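Full structure from sequences and hints, please.
There are 2 protein chains.
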Amino acid sequence: MTAPTELSKAVETYWASAEARDWTGFAAVLADGVVYDLPQTRERVRGKEAYVRFNREYPGDWHLRIQRIVAGSDQVVTWIHCTVGLEEMYAVTFFTGDEEGRIATVTDFWPEAYEPPPGREHLVERY
Amino acid sequence: MTAPTELSKAVETYWASAEARDWTGFAAVLADGVVYDLPQTRERVRGKEAYVRFNREYPGDWHLRIQRIVAGSDQVVTWIHCTVGLEEMYAVTFFTGDEEGRIATVTDFWPEAYEPPPGREHLVERY
Numbered sequence: 003m004t005a006p007t008e009l010s011k012a013v014e015t016y017w018a019s020a021e022a023r024d025w026t027g028f029a030a031v032l033a034d035g036v037v038y039d040l041p042q043t044r045e046r047v048r049g050k051e052a053y054v055r056f057n058r059e060y061p062g063d064w065h066l067r068i069q070r071i072v073a074g075s076d077q078v079v080t081w082i083h084c085t086v087g088l089e090e091m092y093a094v095t096f097f098t099g100d101e102e103g104r105i106a107t108v109t110d111f112w113p114e115a116y117e118p119p120p121g122r123e124h125l126v127e128r129y
Numbered sequence: 003m004t005a006p007t008e009l010s011k012a013v014e015t016y017w018a019s020a021e022a023r024d025w026t027g028f029a030a031v032l033a034d035g036v037v038y039d040l041p042q043t044r045e046r047v048r049g050k051e052a053y054v055r056f057n058r059e060y061p062g063d064w065h066l067r068i069q070r071i072v073a074g075s076d077q078v079v080t081w082i083h084c085t086v087g088l089e090e091m092y093a094v095t096f097f098t099g100d101e102e103g104r105i106a107t108v109t110d111f112w113p114e115a116y117e118p119p120p121g122r123e124h125l126v127e128r129y
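Quick note, the sequences are listed as chains A and B, same order.
Residues in the first sequence are numbered consecutively from 3, following my numbering.
Residues in the second sequence are numbered consecutively from 3, following my numbering.
The list treats identical chains as interchangeable, and a pair is accepted whether it falls inside one copy or across any two copies.
Below 25 Å or equal to it, Euclidean Cα-Cα: the simulated SDA-like pairs (lysine to any residue) are:
| no. | residue 1 | residue 2 |
| --- | --- | --- |
| 1 | K50 | P118 |
| 2 | K11 | Y60 |
| 3 | K11 | R70 |
| 4 | K11 | T98 |
| 5 | K11 | D76 |
| 6 | K11 | S75 |
| 7 | K11 | T85 |
| 8 | K50 | A106 |
| 9 | K50 | D110 |
| 10 | K50 | G62 |
| 11 | K50 | H124 |
| 12 | K50 | I82 |
It is worth saying that the hints were derived from the structure and are not from the lab.
Here the structure is a predicted model, which is why all the values come from computation and not from measurement.
So this is what it looks like as structure tokens:
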């Protein structure tokens, strides 16, 4: 368990390094045994080397910025805005840290747009 | 802006009341002008009355429990596990509060399962 501000800084470096394709800086904030989970596909990546490679090899000219960051006592959550060409998407990511303030677990969600189900038009507006 | 523990308690009551279909308890932790956003459908619900109704009228025998809660200085995030019959899903929700400690904004994401894209099998395992 790490102090919230410490993990929060590691998370900011994580996203800034990814955006800059600075894989040395990215690796520096990861625990050696970092575990990445993607619950939507039930994929898991174990260890710093594989996880840096997973990100470095990720296809597309993607760009991202933090839209919200929430730092709790032992976890940090980000909501990022991501563009790939003209496509826009967002991701929500949960982070936990180790005792050295490095990122120990990363859990990513990539929610996709969908059409609202019928029957609630009387309560909602669209934006 | 409310103290993190205060908003955190309101959020716990929000989910417990929803699970119990206690709409009076649910309404009690909402600001009158609560705004609900669902970025995936770009739907918005404004005001306590409409928002309680939106939840009360939500179809299906849904049940939910908090899997993770992260309380920051002015925001709370939950990751909930939800079942509807045999179907399992999860939601990630961002909350902000008003000065009375009630919930002022709710932003919900419902990520859906999908098949992983090819090309990264050398780095991932499935769980």
